[in-house]
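Q: Chains as they are written, first to last, in UniProt numbering: chain A, 1 to 472; chain B, 1 to 160.
No lab work stands behind these hints: they were computed from the structure.
Only a predicted model underlies this, so the values are computations on that prediction, with no experimental measurement involved.
Do not take every clue at face value.
[What the hints assert, rightly or not] Distance ranges between label pairs, derived from CB positions:
#1 B/A92 <-> A/E360: 57 to 63 angstroms
#2 B/W153 <-> A/D363: 20 to 26 angstroms
#3 B/L129 <-> A/L110: 28 to 34 angstroms
Glycine included, every Cβ here is placed at the ideal spot set by N, Cα and C.
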Amino acid sequence: MIYSATPLVENVQSFMTTDTPANVTSNLNRVASQVQYKNDRFIVKDRSFNRQFAHLYAERLMTMRKRLTKAATEKWGSTPIRKLHELVNDERCIVIGTVFKHMELRPNILKEVSEEHNLMPQPVRSRYTDTKDKLIIEDELQRIFVVGDLKCETSVTGVVVAVLGKEPEDDKGKFHVEDYCYQQLPPQVPRPLLEQDKFILFVSGFELGGREERPFQMQLLADLICGQLGDMDQQEATAAICHVVVAGNSLSESTQDRDTLTKAKYLSKKTSAGSVEAVKTLDEFLAQLVTSVDVTILPGEFDPTNFSLPQQPFHQCMLPVSSRYNTLHRQTNPCDLTVEGLRIMGTAGQPVEDIYRFSEMEDRLAMLENTLVWGHTAPTAPDTLACYPFVKEDPFILSECPHIYFAGCQQEYKSKIFKGASGQEVLLLTVPRFSQSGTAVLVNLKSLEAQPISFYSHFPIVDESVSPEVDK
Amino acid sequence: MTIYGLPPRDQRGYHDLASAGHIILTPTQPVGARTVLGCVSNPRPLGHGAKPLPTELSRPPFVQRKRIAHKSKKAAAATDSSTPSTSTVDVATKNEHDVLKQFDLTLEYGPCIGISRLDRWERAERHGLQPPKEVKDLINSHASDPLYTECLWNDYNTLK
Numbered sequence: 001m002i003y004s005a006t007p008l009v010e011n012v013q014s015f016m017t018t019d020t021p022a023n024v025t026s027n028l029n030r031v032a033s034q035v036q037y038k039n040d041r042f043i044v045k046d047r048s049f050n051r052q053f054a055h056l057y058a059e060r061l062m063t064m065r066k067r068l069t070k071a072a073t074e075k076w077g078s079t080p081i082r083k084l085h086e087l088v089n090d091e092r093c094i095v096i097g098t099v100f101k102h103m104e105l106r107p108n109i110l111k112e113v114s115e116e117h118n119l120m121p122q123p124v125r126s127r128y129t130d131t132k133d134k135l136i137i138e139d140e141l142q143r144i145f146v147v148g149d150l151k152c153e154t155s156v157t158g159v160v161v162a163v164l165g166k167e168p169e170d171d172k173g174k175f176h177v178e179d180y181c182y183q184q185l186p187p188q189v190p191r192p193l194l195e196q197d198k199f200i201l202f203v204s205g206f207e208l209g210g211r212e213e214r215p216f217q218m219q220l221l222a223d224l225i226c227g228q229l230g231d232m233d234q235q236e237a238t239a240a241i242c243h244v245v246v247a248g249n250s251l252s253e254s255t256q257d258r259d260t261l262t263k264a265k266y267l268s269k270k271t272s273a274g275s276v277e278a279v280k281t282l283d284e285f286l287a288q289l290v291t292s293v294d295v296t297i298l299p300g301e302f303d304p305t306n307f308s309l310p311q312q313p314f315h316q317c318m319l320p321v322s323s324r325y326n327t328l329h330r331q332t333n334p335c336d337l338t339v340e341g342l343r344i345m346g347t348a349g350q351p352v353e354d355i356y357r358f359s360e361m362e363d364r365l366a367m368l369e370n371t372l373v374w375g376h377t378a379p380t381a382p383d384t385l386a387c388y389p390f391v392k393e394d395p396f397i398l399s400e401c402p403h404i405y406f407a408g409c410q411q412e413y414k415s416k417i418f419k420g421a422s423g424q425e426v427l428l429l430t431v432p433r434f435s436q437s438g439t440a441v442l443v444n445l446k447s448l449e450a451q452p453i454s455f456y457s458h459f460p461i462v463d464e465s466v467s468p469e470v471d472k
Numbered sequence: 001m002t003i004y005g006l007p008p009r010d011q012r013g014y015h016d017l018a019s020a021g022h023i024i025l026t027p028t029q030p031v032g033a034r035t036v037l038g039c040v041s042n043p044r045p046l047g048h049g050a051k052p053l054p055t056e057l058s059r060p061p062f063v064q065r066k067r068i069a070h071k072s073k074k075a076a077a078a079t080d081s082s083t084p085s086t087s088t089v090d091v092a093t094k095n096e097h098d099v100l101k102q103f104d105l106t107l108e109y110g111p112c113i114g115i116s117r118l119d120r121w122e123r124a125e126r127h128g129l130q131p132p133k134e135v136k137d138l139i140n141s142h143a144s145d146p147l148y149t150e151c152l153w154n155d156y157n158t159l160k
């Protein structure tokens, strides 16, 4: 078995022997897999943007309140649960509300357009946190400052939490927290037992159309998956890959260049947008894959789809050749799918990036774990992450515990098994950018192990200043 | 004991008293210069729905309704001439609107602007907040009237 942390080496150098008959052609069949998608809640049906986000927050609070009440009573017994307007001084009680992190450096549209500040735009930073940030907890009617155990550095706006503490008589307006809790991890469907190894390949960040695209490595990847690379053993192992997930940023950031809008028309008339070529390349690449394996493609931050979460699937007109195959599944970001009975959920990494920008945490995998613990895939939406104004439900709330939880377009590959309180096991996965690292991730569905697979090439650098003498 | 008369000139802003023309005092109240019109000895408007200010004399609790300063006399004439049956219908409609307004102002059911009352009722129902059934019945019985189906601040388009 090749694709594992401890590969069994067998039949070494068998391809170098000459006694294999020349006309041996064996057909290897790829394992079949059943795929279902549960992305209905992410598909935006009516585009009514005149709703306020207050309804989304109210919906989030009301949904999480029930679960948090249950978690809080189980954790802290009979301490009373109070709404903020019923708080009594010095009474130890539980408050359930949404966290709001007050940050001075947060880009604020009001500050930008305010005349007193001389209309200077605020500089773009990688992190907007500061030591003076404060946490506030808000319920339906009021808000109160929070001090104590709930740390500002690891919290973000939009998480619904239950805090245990009291509002002391001498420090009114602040709630002193002794302890806090989030929703209990929802129950997990038991993982089905598979007889043979089946793999899912996760890859993200091809970034076509930009300077960092790696067409050679992508071709290696396509050849490997389609079984044109490697000896018999490798091809047999590759036949066990039953699904490929392309998790975002298939196009590069430079294809989103808006210069054509500001340039004069006569200069930009004949030039087509960078994304047109890039999407064609993507289509050709996917067409190679879909002939032999199920592919799920998620849009990412720089892909040609809407900007706000949840991003809608790629339109089939953009991928005309590959869309003809029913093995291409164009899905939303975030994506909720079931392969062979295993629940897989993930995003193209935008929520994790946003949490990085507005908290002091460093490890992306830890942030991903936090979103699982908080019970919400994208807590900073709609505050700092663009989001569609939902009214009927908040689709990002985790109601079921997945088996695999991934975030695409990250800096490096990292994986971890997270164990929940009632025996849930989740494989947390950060999928690295292919354009930077040339790495894809193989996950074994039978044993829930993850393994990176890297494609590396070296081209001698041609020094263009020393050009060969051209015959004149 | 009933004293029949109009309120004094400076206190004629009070619509309901002007239209009623009746001021009922409890028998224990001394009839003096200050307290002839027990209900309006305090000329400051109490604001909508506020509790009455305690004064040293006991008087029936007074719920002030909206001030209609200039229209008071005309309204008095109009309502005096209208038949009793329509006035009860008006009061009933007003009560319905009050019930719906109270539903809008109850913040436990979430924000009310930008969402129709029925959607808001269903959202409250879905989350187990037990909104009053009569609100839903009222909305459904007047399903085409935006005064019933949309929230209190529906006319303020800038708020949406």
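Q: If I claimed the Cβ atoms of B/L129 and A/L110 lie 28 to 34 angstroms apart, would that claim hold in this structure?
A: holds (33 angstroms)
Q: Take a look at whether the Cβ-Cβ distance between B/A92 and A/E360 falls inside 57 to 63 angstroms.
A: 60 angstroms Cβ-Cβ, so the 57 to 63 angstroms window holds.
Q: I want to verify a distance hint. Is the separation of the beta carbons of B/W153 and A/D363 within 20 to 26 angstroms?
A: Hint violated: Cβ distance 46 angstroms, outside 20 to 26 angstroms.
Consistency note: the structure conflicts with earlier hint 2 alone.
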